[in-house]
Structures are given as structure tokens and as C-alpha cells.
Amino acid sequence: MVALVLAINAAVLGSVAAVYLGARGRDWSANRWAKSARMWAFGVLVLWIVVLPLYLVQRRAAPLVREDAAADPEPSARPAAQGWDTSLSQAPPGA
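For the sequence shown, the numbering used here begins at -1 and goes up steadily by one.
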């Protein structure tokens, strides 16, 4: 009986960690159930049997967040490495 309780607790805590890590990479600002990864993780911890399936359904609608989007909104504006030409208008050497 103790082993069953430990297994269930391990499954709940493991799914809380997985939900938190997965939800961090999504934009939840437009979601009506939870607005952040912490809220999803807390919900799974408190009411696992209801919130985990709800999270699995809701994550499809939450767009992925690009980590570098704020730092570099336009990647093509980055300077090229010295000696490299990034334009596509030139013919390859020997052509």
C-alpha cells in the first residue's frame, strides 16, 4: 500500500515538473484558465486529475514563445561575420 502511495505521489510531482517546464515556453496571456506556467503547475499539484488533462488540451492553443524574439526582432539585420557575404544575389564561386 505504501508503494502505491509513493508511486502516485511520484507521478503527480513528475507531471507537475513536466507541466511547468512545458508551459514556460508558451504564451498563456490569452488563456482563460491560467495565465502563467506557475498557475498551471500549481493547478496540477492541487487538482491533478482535472487540471492535467485540461492543460494537455489547452496547450495546443497557446503559441510557442521565442526566447530571442525580444533581443533580436529581425535576424536578417544582424551583421554578417567578417569575410562572409550573406546576400543571395551573388553567384557561387566557379559558376
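Calculated from the structure, these hints are not laboratory results.
Be aware that one or more of the hints could be misleading.
As the list claims (entries may be wrong) - If you anchor each label on the Cβ, the simulated ranges turn out as follows:
no. : residue 1 : residue 2 : range
1   : V10       : S34       : 12 to 22 Å
2   : R30       : V63       : 26 to 36 Å
3   : L62       : A1        : 10 to 20 Å
4   : V0        : P61       : 15 to 25 Å
5   : K33       : A9        : 33 to 43 Å
6   : S27       : M(-1)     : 14 to 24 Å
7   : S27       : L54       : 18 to 28 Å
Glycine residues also receive a C-beta, built at the ideal position from the N, C-alpha and C atoms.
Does the Cβ-Cβ separation between V10 and S34 fall within 12 to 22 Å?
Hint holds: Cβ distance 20 Å, inside 12 to 22 Å.
Please check whether S27 and L54 have a Cβ separation lying inside 18 to 28 Å.
holds, 19 Å
Looking only at beta-carbon atoms, does the pair V0, P61 fall within the given range of 15 to 25 Å?
Because 43 Å falls outside the window, the suggested range is violated.
Whether the CB-CB distance between K33 and A9 falls inside 33 to 43 Å
violated, 26 Å
If I claimed the Cβ atoms of S27 and M(-1) lie 14 to 24 Å apart, would that claim hold in this structure?
With Cβ atoms ~44 Å apart, the hint is violated.
For the pair R30 and V63, does the Cβ-Cβ distance stay inside 26 to 36 Å?
18 Å Cβ-Cβ, so the 26 to 36 Å window is violated.
Consistency of beta-carbon spacing, A1 to L62, with hint 10 to 20 Å:
violated, 38 Å
Of the hints listed earlier, those the structure fails to meet are numbers 2, 3, 4, 5 and 6, in rising order.
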